[in-house]
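Colleague: With positions in the sequence shown counted from 1, the corresponding number in this note's numbering is that position plus 1092.
Source of the hints: derived by calculation from the structure; they are not laboratory data. Small disclaimer: the values here were computed from a predicted structure and weren't measured. A hint or two may mislead.
[Said to hold, decoys possible] Computed Cβ-Cβ distance ranges for the label pairs, DEER-style:
| # | residue 1 | residue 2 | range |
| --- | --- | --- | --- |
| 1 | M1269 | Q1120 | 23 to 31 angstroms |
| 2 | E1161 | F1104 | 39 to 47 angstroms |
| 3 | R1113 | T1213 | 29 to 37 angstroms |
| 4 | A1210 | A1105 | 16 to 24 angstroms |
| 5 | I1151 | G1226 | 15 to 23 angstroms |
Even glycine gets a Cβ: it sits at the ideal position worked out from N, Cα and C.
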Amino acid sequence: MTAEATEAAAAFAAERPDVTRSRTLTWQDPVASLAEGVGLSGLEYMHAIRAGRIPPPPIAVTLNMSMAEVEEGRAVFDGQPGEEHYNPIGVVHGGYAATLLDSALGCAVHSTLAAGDAYTTLSLETKFVRPIAGGRRVRAEAEVVHRGRRQATAAARLTDLESGKLLAHATTTCMIMQAP
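Can you build the whole structure from these sequences, using the hints too?
Modeller: In structure tokens, the structure reads:
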């Protein structure tokens, strides 16, 4: 599907340059970035990304989002979706909201980890309240609700930064994998 969409867009670009747009992305190798965080607690790792000492993950570049705040058990992400994030009906794709929420939720959990520990998302439930307008800044605020030894749960809200209106909300359960 990806190749087909890319090929179709290229064909239309040749036929219709007046309505064609492009975006160039630059990111760093995520494996190398992860290696830079070895030995850091989850919160220290999040602070290093936030401070620009470790590059942001490629998904943050792709979706035009960044970590605005992080503290133990809490993470806030800001994003600004553009028309490159639109679905076929001309609004921001729900996957943008789900990914922004998942990122904030995961980083909130990650901020509670000891050095060497890891997590992975087991479930993500997202409820969409209203459509996201392209070009509007949005904010996902996530907080850990429960942190156990093997699992953590967290909840988040996605709001329009200008109006303050709720756009979506989500919950997650993450598996905690402790370092050997």
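Colleague: Okay, which hints does this one fail, numbers in order?
Modeller: Checked against the structure, the only hint that fails is number 4, while the rest are satisfied.
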